[in-house]
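At position 78 of the sequence shown the residue is numbered 78 (our numbering), and the sequence of numbers has no breaks.
These are computed hints drawn from the structure, not numbers from a lab.
Because the structure is a prediction, the values reported are computed rather than measured.
By construction, the Cβ of each residue, glycine as well, lies at the ideal position given by its N, Cα and C atoms.
Among the clues, some could well be false.
List of simulated lysine to any residue pairs, SDA-like, C-alpha gap at most 25 Å [claimed, not checked]:
#1 Lys33 with Glu57
#2 Lys11 with Ser55
#3 Lys77 with Thr3
#4 Lys11 with Cys67
#5 Lys9 with Lys77
#6 Lys76 with Asn91
#7 Lys19 with Gln34
#8 Lys19 with Lys39
#9 Lys39 with Asn5
#10 Lys19 with Ala46
#11 Lys19 with Glu62
#12 Lys39 with Lys77
#13 Lys33 with Trp7
#14 Lys11 with Glu57
#15 Lys39 with Arg74
#16 Lys33 with Ala65
#17 Lys33 with Glu13
#18 Lys33 with Leu64
#19 Lys33 with His54
#20 Lys19 with Pro38
#21 Lys77 with His54
#22 Lys39 with Arg88
#23 Lys33 with Leu21
#24 Lys19 with Glu29
#25 Lys9 with Gly36
#26 Lys11 with Ala46
#27 Lys11 with Asp61
#28 Lys11 with Ile70
#29 Lys33 with Val51
#30 Lys33 with Asn16
Simulated DEER-style distance windows between Cβ atoms [what the hints assert, rightly or not]:
#31 Lys76 with Gly36: 16 to 22 Å
#32 Val60 with Ala8: 21 to 27 Å
#33 Arg74 with Glu26: 25 to 31 Å
#34 Asp2 with Glu78: 38 to 44 Å
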Amino acid sequence: MDTRNEWAKNKNELVNAIKHLGFPAELGEEIAKQLGSPKAMQRMMAYLYNVQPHSAELIVDEMLAICSDIERWREKKESEAANAAYTRMLNE
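When you get a sec, could you build the whole thing from the sequences and use the hints?
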């Protein structure tokens with residue numbers, strides 16, 4: 001499955017999960033856009049299916065937590081790459 005199809009499939013599933021909980025589809029669309037990746041959307045769907053939050057605030061809080069985790073992971077990888085480059089420079 002190509003990336004675009006995978007993204008669309010996960011977005012649709014996320015929107016449907018949010019609608020199933022009684023929230024508007026537009027909330028699901030915005031959540032999907034903010035999460036940005038199929039893996040993040042899958043993580044959000046796991047939260048929705050397991051917790052079944054009763055407020056939009058809880059959904060948005062989880063989305064922000066997922067986005068924060070992703071950003072921390074990116075920063076960690078950037079730091080590791082910079083440290084590796086610095087170590088290579090010192091060893092040469």
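Which numbered hints does this structure break?
5, 21, 22 and 34
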